[in-house]
Structure formats: structure tokens, C-alpha cells
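In order, the protein sequence lines correspond to chains S and W. FYI, our numbering numbers position 33 of the first sequence as 33, with every residue one higher than the one before it. FYI, our numbering numbers position 226 of the second sequence as 1226, with every residue one higher than the one before it.
Zero decoy hints are in this set.
Label pairs and their computed distance ranges (CB to CB):
| id | chain 1 | residue 1 | chain 2 | residue 2 | range |
| --- | --- | --- | --- | --- | --- |
| 1 | S | GLY83 | W | GLU1114 | 30 to 40 Å |
| 2 | S | LYS80 | W | GLY1254 | 42 to 52 Å |
| 3 | S | SER6 | W | ASP1052 | 44 to 54 Å |
| 4 | W | ASP1196 | S | SER21 | 23 to 33 Å |
| 5 | S | LYS8 | W | SER1252 | 48 to 58 Å |
| 6 | S | LEU3 | W | ASP1104 | 18 to 28 Å |
FYI, nobody ran anything at the bench for these hints, they're computed from the structure. Backbone N, C-alpha and C define an ideal beta-carbon position, used for all residues, glycine too.
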Amino acid sequence: MSLSESTKAKLKIAKERHGVSPELLARVKETNRIHRAILEAVATEAKSVPDIAAATSLPSEVVFWNVNALRKYNKLVDVKKSGDFWLYQKK
Amino acid sequence: MKAHTLVIGAGIAGLQAALDLAEQGRQVVLVEKNPSIGGRMISLSKVYPTLDCASCITTPRMASVAHHPLIHTLTYTEVLGVAKNEDGTFRAHLRKKPRYIEEDKCIGCKRCEEVCPVYIRDDFEHQLGAKKAISIPFTNAIPQFPVLEPQSCTWCGACANACPVDCIDFTQESRDLFVEVDAVLLATGFQLTPIDAKAQYGGGKLRNVISSLQGERLLAPHGPYGRVLRPSDGKVPDSIAFVQCAGSRDASLGVPYCSRVCCMYAIKQAMLLSGSLPTADITIYYMDIRAFGKGYEAFYQNAKAMGINFVKAKVGRIREIEDGNLALRIERQEGTAQPEEAQHDLVILSLGLTPQWNPGQLAWEVKTASDGFVATPGAPLDPAATTQDGVFACGTATGPKDIVDSIMEAGNAATEVGKRLEIRAPMVPGGAS
Ligand SMILES: Cc1cc2nc3c(=O)[nH]c(=O)nc-3n(C[C@H](O)[C@H](O)[C@H](O)COP(=O)(O)OP(=O)(O)OC[C@H]3O[C@@H](n4cnc5c(N)ncnc54)[C@H](O)[C@@H]3O)c2cc1C
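Produce the complete structure using the sequences and hints provided.
Set out below in C-alpha cells:
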């Protein structure tokens, strides 16, 4: 389905009214990059946050926040506990 | 719009007062600045001293309010001003903020949220979890409408494309409303002292130092991680510490008073943690334990019997050591006074309660007390009356208190409002006035 002409016109007005900051666009791009890296790291094997951090070279707190974002929106699941950590895998 | 009473704030106190007034046959306009009703209580895990599930108690009250024919609920609405008319009635100027959706069309299906590409920090989870730039505030929010945050939106149109009922309105604007009422009831609640107010505790900087409301979310069934884990790396914490009076009883913070609920909520969280993590060591560093309500002392003694470690000590400083673990410099208040260092995986700061809103900023004579909460000069005999005739207050708007006391005060305030209404707008047989 594509947007109706009136919705397109409203979107244009909203964009002009509120603007889109370059920082926001950069943040969205960066989040997409992080999500791709995390999902790739857990595509075939369930991993803990420290292991995903090591595989992606991302700070563990960034990995953990994004792992939970992806979990909330059904892109990955926690499968089992291993030692002090849960293991996450792509859905 | 006309009504008998304007209730400002839809936390447990405002909800209860609105319901009680409506049960008296009075028309209520209930204004809430957040997108959902429920206040702080709907975000708590379980409640002391009964350990009942907070949302199981709050949600039915929220639903009763939302469906009551005499209560008109306005969420995501700000109070811009309240003026007293010459005849003693009040005129309130309200502003309904745009959600960027048409509420009469939206079916709360969440399709917009699913497809939105922008992930942002979730205020409801106190930044621990994620949400989208357009999202329903939380699972059991009432109403179940999404809110689009324009500052985080890239205006890609994905939400509109996915919406099955064509309810996204990107050009929606705020709408001003005016309400005429006979009485106003303030139930505007509390907020926590800022987590970074005591720099020596590292709140806001150290990754595993969290606030007590974040602690509630960790323990909540639909919390940000789905279980108790620490923010720096998702480790299951094995040693957890609570630092009491981390934002109260401290004149340097401007909060010299006791916040009344922190001892009990820390004991509650400690008990719940020990239930979720049976092998974890849990320590509460405290100045003194104030367990003053019915059943509270027994609750405290139960926690001790469960193995929660109560240490009478002042915490001087917290610093991060290897792997995100934390070293606490403590000074015991009993036995040796030599400073010691204790290590923990996760620290929860029991922050203090301060008022959420100062009604004095509206051009009317509602004064606040020296602690900033709404002044109720007649308390304790008349705890609902403020310094302005016809304006009443209840719950934590007037000072720190727990849920039981907030509900009790709400009931009392509804009775006091009812007495005023009986004089100004007497009920006629059949219910109308
Ligand atoms: C960590 C923690 C745990 C706790 N656990 C327990 C427990 O287990 N048991 C217990 O008994 N108590 C507990 N408490 C205390 C409990 O949370 C409060 O007693 C209760 O939530 C107070 O309800 P309230 O309605 O007064 O305020 P709130 O819940 O703060 O509600 C106030 C409402 O007013 C709205 N508002 C504010 N200003 C405006 C405005 N200008 N216009 C419109 N709306 C406005 C707010 O958005 C909010 O929804 C806990 C407190 C904390 C901090």
C-alpha cells in the first residue's frame, strides 16, 4: 500500500514544521548498524551480551540496551542461561 | 465544558477521588498530563506491605474511571491556568497536546509502532528500555492510543502506510479547552530527587547505579529486560546493595525531610529480589529503619528473617571497578567506625520524594509549604483544604506518603469537595444538581 496524496501532503507540512535534525538521522543510521551487527552475531548461535560485545566491538551496555530493544520488537529471543548471563538468539 | 469538579492528576489519589466524587453523583473532569492515567503506581512491581501486584490493583481502578459516565478524562493535557470567578467558581484553561493520531479512529493495534524505524529511550522504563518514535506508552496504558514524538520522528510515513484505519494525522495541533467548575482537587503527585544530585554516588554516570523507580521496573513482570539483570552487561546480579536516604534527610539537597516510603519500598524490593535471585546477597545500608504503618514492622522483620543484610552505615562514595562492579566506601554507625569498602554488582539508590508540580505558578492563591508540597494549613484535622477556598489537595501532592495513605486522603478530599458542592450545587432527588 502506498500513501494517499493527502497523507503525503500532510507529511510534507509536518517535515517543514518540525524539521529533521542531522543528529537524529545519524542516530537512526547508527542504531540500524548496531542492530545489523547484533543480529548477525546471534544469527546461528545464541550468545551472551559480553560475547556479542566481543564479536561486534561494541560496548557491552550499548549491546545490552539494543538487545532488549530487539527482544521487545520480536527480532531476537533469550534462549537459556549460561553461568551469570542469558544467551540471545535471532528469531 | 462545565463540571462540578476538576481533578488535576490521575495517579492513584486522583483516580480514587474522581471515582468517589462520581459515586456521589458529581461530574468530574480528570486531567492528566501524561498519555495514560495511572501515575507512579501503575509502574510499580508489587506493593508493600501485602506484596500484591501493583498493576492488578491499579488497572481495574483505571478502567472504572475511564468507563464512568460522570468522569470525563483528558489525558496528555496540560493545565495552563486556573482563575477564580467572582461567584466562587473556577475557570481552567487546558491544552490537549497532539498525539498525531485521530483518537476516534485509532483501534490501538500497534501496527504503527511495529513498523516505525526509530528506537528511542522509554520514559516509562526510566530509560532502561526502548520504545519507538510512535508508540503506545505501556502494555496496560489507558487509553491505548499511541503517541508520536515529533522531535524523534523522521517523517518517513511508515506508520501511516501500515495503519489499517488511516488514523495518523501528521499535522495535528494542540487544542485549547476551557472548563468551568465549582471546585478543584490537586492530586499532582511526586517525583524523585535527581539521580545525579549526589555526585559522590555516581548516579547517571556509573552504569550499574540505578534509581529506586528503575529498581521497580527491573522487578516488574513486563519490565525492560523481562527479568532482573544489570544494565552494563546483562549479568544476573549476585550482590545487590540499597543506599537509603540517598535523596532525603539531606539539607544540602534541599530535602531535609524524611520521604517516608523509602525504607519500606527498599525492604519490599529486597524481598522481591531475594525471591527472583535466591542465591544473591542483598544488603541495605541505612541510617535508621522507619517502619511505621500497620504490618510494616512485621514486614521488616520478615525481610531480616529471609536473610536480607541490614547494615547501619553511611555510604560515602561509590566508584566503578573492573567489569562494571561497584565499590562502596562505607562508615558503620555501629561497632567499628573505620571506613570500609564493600563490593556489589548493582546499587539501587533510594531517592527522595519531591513535589511534581507547583500549583502556585498559576495566578491564584494556592500556597506551597517550605518543603514545596501543597500547603494544607488545617492538617491533620482537615488535610484536604489548601490556602484557596474551593481548592483541595490529596495524595503525595501534599507530602510524601504511601498508597494506603494517598487513597485514604483521596476519599477524605472527595468528601470535603462533596460538602462544598452540597452548598453550591445541591443534589436534587434523582441525582442531577
Ligand atoms: C520506588 C518507589 C516504590 C514505591 N512502592 C510503594 C509500595 O510498594 N507501596 C506503597 O504503599 N507505596 C509505594 N510507593 C509510594 C507510591 O508510589 C505513592 O504513594 C503513590 O504513587 C502516590 O500517588 P499519587 O496519586 O499521590 O501521585 P502520582 O502517582 O505521582 O500521580 C500524580 C499524577 O499527577 C500527574 N500530574 C502532575 N502534575 C500535573 C499537572 N500539572 N497536570 C496534569 N497532571 C499532572 C502526574 O503525571 C501523575 O500521573 C513507592 C514509591 C516509590 C518512589
